Amino acid sequence: MSAAASSLYSRRKARNSVMMTLCVVAAGIGLAWLALILGALLWKGFAGLNLAVFTEMTPPPGEAGGLSNAIAGSVAMTVIAVVVGTPVGILAGTYMAEYGRFSKITVVVRFINDILLSAPSIIIGLFIYELMVRPMGHFSALAGAVALAMLVIPVVVRTTEDMLNLVPNALREAGTAIGAPRWIVIRSVAYRAALSGIVTGILLAVARISGETAPLLFTALNNQFWSGNLNAPMASLPVTIFQFALSPYEEWQQLAWTGALIITFTVLGLSIFARSLTGRRI
Amino acid sequence: MAVTFVIGNAHRVSASLFAPGTTISATIANEFTEADGEIYTSSLIALGLILFVMTFIILAAARYMLMRIERRAGA
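The listed protein sequences derive, respectively, from chains X and Y. For reference, each letter of the first sequence is one residue, going 1 to 282 in this note's numbering. For reference, each letter of the second sequence is one residue, going 1 to 75 in this note's numbering.
This is chain X alone, in the form it adopts within the complex:
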């Protein structure tokens, strides 16, 4: 190797190692924040974690209590939101991937869906407030659930379309070749091949909405007590955390930390479950 070439080579080697170090440092900084947040959450959250958190209602200021009504409210509204949002999302995604793959309308819908996907969730809250809360004259858990459903739909549309697009066309052609009508090909071939991906999308949507405060603030509001009435305000974990964390009462702040711990680990568990679904090939 000539002297010029070898100096070029060593210069590139040096630059490479500098850049690699910078990349590692950047990744380290990112992970350090995550570790710090999780650490603080575990430290502060575990201090207040006991059975009463799951069995008692949110307390008035200055008293001990739990978060049972908030947990139940979160679960109820998340379930309704997923039940309402998932079919719409899957049907829209199916149209975009199976029927309208090359049509203009799919491009437009995809663009609007992308905007909905990253629209600030507080705007969804305002929208549902005008659409449901004002005409009905009061806050309600149903309005909260619809607001959450508005967040579920774009996530599910996106993942359903992406996953169906990954299904090889040869599979569909094989189904058509043995005489299956299109809807049977979609149902028994495309859906089956894309199932784990679609389920992952739904789980990711659940993970997304279970931590959302903004769309619930003006729709489901909050409730200090147990409520099974969907037509009345209902407590939820994120809104309770928001309210308690900003309060000057120590018991409330402690409950906010514990609630945050519960949400974080639920979402973490869901994400890991979703990952394990996609990792496994069908």
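A few of these clues could be false.
Only some residues are given here: those of chain Y computed to face chain X with a beta carbon under 8 Å [unchecked claim]:
{"id": "1", "residue": "F32"}
{"id": "2", "residue": "S43"}
{"id": "3", "residue": "I45"}
{"id": "4", "residue": "G48"}
{"id": "5", "residue": "I50"}
{"id": "6", "residue": "L51"}
{"id": "7", "residue": "T55"}
Some chain Y residues near chain X, calculated using beta-carbon distances under 8 Å [unchecked claim]:
{"id": "8", "residue": "M1"}
{"id": "9", "residue": "S25"}
{"id": "10", "residue": "I28"}
{"id": "11", "residue": "T33"}
{"id": "12", "residue": "F52"}
{"id": "13", "residue": "F56"}
{"id": "14", "residue": "L59"}
{"id": "15", "residue": "A61"}
In short, the hints are calculated from the structure, not lab data. Everything numeric in this text was worked out from a predicted model, so none of it was measured. Glycine included, each C-beta is placed from N, C-alpha and C at the ideal position.
Put chain Y on the given structure of chain X with help from the hints.
Chain Y only, in chain X's frame:
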């Protein structure tokens, strides 16, 4: 709106990054349920519109850039 906790929710434009301020989301989150009177509610919803238009423009720009890259890769 998570910044509501730390931004201070002060209604003023300050030249210092270390002074309290507020964001659109934080303002709406804090004041919407307490807003009394038509004009107050309408102003907050108008703030929401401004925020939405901002997101729309940024996303449309991102889309446009992606489309250009795609076209260049395709050609």
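Outcome of the hint check:
Checking F32 (chain Y) against chain X by beta carbon gives a least distance of about 5 Å; that is within 8 Å, so the hint holds. Given the 8 Å rule on beta carbons, the hint for S43 (chain Y) is violated: about 12 Å separates it from the nearest Cβ of chain X. Among the interface hints, the one on I45 (chain Y) holds; its C-beta lies about 6 Å from the nearest C-beta in chain X, closer than the 8 Å criterion. With its C-beta approaching chain X no nearer than about 5 Å, G48 (chain Y) sits inside the 8 Å limit, and its interface hint holds.
Interface restraint check for I50 (chain Y): the shortest CB-CB distance to chain X comes to about 10 Å, outside 8 Å, so the restraint is violated. Because the beta carbon of L51 (chain Y) sits about 6 Å from the nearest beta carbon in chain X, less than 8 Å, this interface hint is met. Interface restraint check for T55 (chain Y): the shortest CB-CB distance to chain X comes to about 6 Å, inside 8 Å, so the restraint holds. Given the 8 Å rule on beta carbons, the hint for M1 (chain Y) holds: about 5 Å separates it from the nearest Cβ of chain X.
Against a cut-off of 8 Å between C-beta atoms, the interface hint on S25 (chain Y) holds, since the closest Cβ of chain X lies about 5 Å away. The beta carbon of I28 (chain Y) is positioned within 8 Å of a beta carbon in chain X (closest approach about 5 Å), and the interface hint is therefore held. With 8 Å as the threshold, the beta carbon of T33 (chain Y) comes within range of chain X, its nearest partner Cβ sitting at about 6 Å, so the hint holds. Annotation: interface hint on F52 (chain Y) holds; nearest CB of chain X at approximately 5 Å, less than 8 Å.
Nearest Cβ of chain X to the Cβ of F56 (chain Y): about 6 Å, under the 8 Å cut. The hint holds. At its closest, the beta carbon of L59 (chain Y) sits 5 Å from a beta carbon of chain X; the interface hint therefore holds under the 8 Å criterion. For A61 (chain Y), the shortest C-beta to C-beta distance to chain X is roughly 12 Å, which exceeds 8 Å, and the interface hint is violated.
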